[in-house]
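S.K.: So the chains spell out like this:
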Amino acid sequence: MSWWTKFFGLHARLIAAFSAMLILVTALFAWAIKWRGKDLAEAALLKRATGITEVLARLTAPAAAQGNSQELQRLLLLVQDYPDLRYVTVLGAKGEILARWSQSPLRPGEEFLEEAHSPRVVLGEGANGMVHVLSPVRAGDVHLGTIVTGFSRQFVQQILRTVESTLLSVAAAVLLLAVLVALLLARNLQRPIRVVAARLSQLSQDLVDSARSQESAGTQQAGGIEQTRRTMDRVLGSAQQIAERSSQVLGNAERTVMGNRAVAVRIKELNGQSERAGELLAAIMQVADRTDLLALNAALEGTKAGEAGRGFTLVAAEMRRLAESTMESVNSIRQLMNDMRTASHEAVQAGHEGVALSEETTRSARDIAMETQQQRKATEEVGRSMDDMAASVSDTMTRTRLMVSHAAELAQAASKLTLLMGGGKSAPTIKTVQEPTGLAKEIMEGDRVP
Amino acid sequence: MTDPQASPPANQESDDVVPASGPGRSFLLIRVANRWLGIESQAIVEVAVKGVITRIPTAPRHVLGVTNLRGGLVPVVSLAQLMGSTSSMSTDNGLISPRLVVVATPEYELALVVHEVGGFVTQVSKKSDTPNKRPGFLTDEIVCDGHTVDVLDLPALTTAAAGSGAQGD
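Taken in order, these protein sequences are the chains called A and B. Here this note's numbering is used: position 305 in the first sequence is 305, and no number is missing along the way. Here this note's numbering is used: position 9 in the second sequence is 9, and no number is missing along the way.
Any given hint could be a false lead.
Listed below are the simulated SDA-like cross-link pairs for lysine to any residue, each with C-alpha atoms no more than 20 Å apart in a straight line [to be verified]: (1) Lys-50/B - Met-337/A; (2) Lys-50/B - Ala-283/A; (3) Lys-268/A - Met-319/A; (4) Lys-268/A - Met-337/A; (5) Lys-50/B - Arg-61/B; (6) Lys-94/A - Glu-109/B; (7) Lys-304/A - Arg-61/B; (8) Lys-50/B - Asn-297/A.
Hints are computed from structural coordinates only; laboratory data are not their basis.
All chains, full assembly: derive it from the sequences and hints.
M.R.: What follows is the structure, encoded as structure tokens:
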């Protein structure tokens, strides 16, 4: 800030500028009035001198025609009251002086004595030179002579001086008035400008505070977004693993279903074979039963036969033991087959349950795979949204920094304006927003942690 | 012979069976319900499979009917019913056909329904102090392989089967 600005505020400069402008306008007006007034005074003098001379020419024409000098001299006294009329001389037709009058004694050569057959004006040299007006004196078409008048220009100069003094007075009054007006205008302008500057400074500070809060929120939001992104990445990885595992489970479940169905078919075939074996065992049992019966009857007959049937009885007894052994074996086999049938039935039941469970597992695995696929899509969508949000946050923080920078410039302008308004206290300096660090910096630079 | 779950006495045919004319009599062991009984071998005609039994109206409850054995009609008597047992007719396993022991009495033949046929034994000794709480057709008790077995008195049994007894439905 220059020393001029420091010591002369806007108030003084406004007054000075307005006064200078009015002085300039007044000077131009005075100069124009002066030159214009001189010309007008000159023109008025010439007109008045010409008129007076022509009037004198007509008045003196009869006396000049008679050659009456006394009358001419008396007529000349009629214009002695004109203050700027220096002299009047009436020349005859031959150039002789018929009458003359002067306000004061004339210096040699000051009087202009020439014949003129038509009105003529001769201006003397210098600002104080006289104006000589020559007008012919006629009686009809007869030239009787010439009347010469000399008017002093001092009166014009006096008028011009009067005009100049008047102009100076007017200019001084205008200057004073201009100063007063400028003072009033400056005071009326200074107050709202100061208020506006203070308000502007306050708004700038508020803007900076708001921007800082927004920047802090943006930093936190960036951190949250990054944390969410990492979580989403982990969820995506988990979903991928779940999808792979569910695919394996699906394959295993389908193979289990096929295996259980094959086992069920085999067990059904085994049951059929077991039924046929049971029929065979029933036949064997029947044969053994009849053999036992026959052996029993044979033993009975041997017993009835006494000693002779003893051997027969022994053989029958052995046959009966064989039949009983056969029946016991058949019973054991039937028991085993019953156990096998029970076990196979349970195996079939278990197989059916296994098939049902495997099918349920297959459906669950498919559902899991589908849900995982949807979850992966949703996670990827969330990731893209996080990218968009991070870009938005980065853009917002960039704009915030720009806004803070502009707010600081605005505050500085307000401070300068306050100084200009009279050297008051300047607005507090506004610090710009700190450079982003950490995650916020990474997001603003577009880096992403995988 | 009172143990209901006891197994049949060991078959002593190879060692103990002797001809009827010998010093010991031969008996066929049968099980009725939970009780083992003995029938003298000389009175047995044959052992047959229980076939179709035709019921006889107004016959006593223990007379199950008649059955056809080689062209002849033989009355079928339930020893279990006659002995007052409520046990149903069944074998140990469901595979062995119920047996009919056909016995000959002086008047006619009877087919006795038994639950199981054990085998032939020879009388070893005879108990002397026989209690009187048994049915009348069980006359003697013999000891076989350490077990006491009641012996059916076939004439008394015939009389009991043909005479008294509850009427059937």
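S.K.: All hints are to be evaluated individually against the structure, with a verdict given for each.
M.R.: Each hint, compared with the structure:
1. Lys-50/B - Met-337/A: violated (27 Å)
2. Lys-50/B - Ala-283/A: Satisfied, since the Cα-Cα distance of roughly 18 Å is no more than 20 Å.
3. Lys-268/A - Met-319/A: Given that 20 Å is the threshold and the Cα spacing comes to 38 Å, the pair is violated.
4. Lys-268/A - Met-337/A: With Cα atoms ~14 Å apart, Lys-268/A and Met-337/A stay inside 20 Å; holds.
5. Lys-50/B - Arg-61/B: holds (18 Å)
6. Lys-94/A - Glu-109/B: violated (226 Å)
7. Lys-304/A - Arg-61/B: Violated - the C-alpha atoms of Arg-61/B and Lys-304/A are around 32 Å apart, more than 20 Å.
8. Lys-50/B - Asn-297/A: holds (14 Å)
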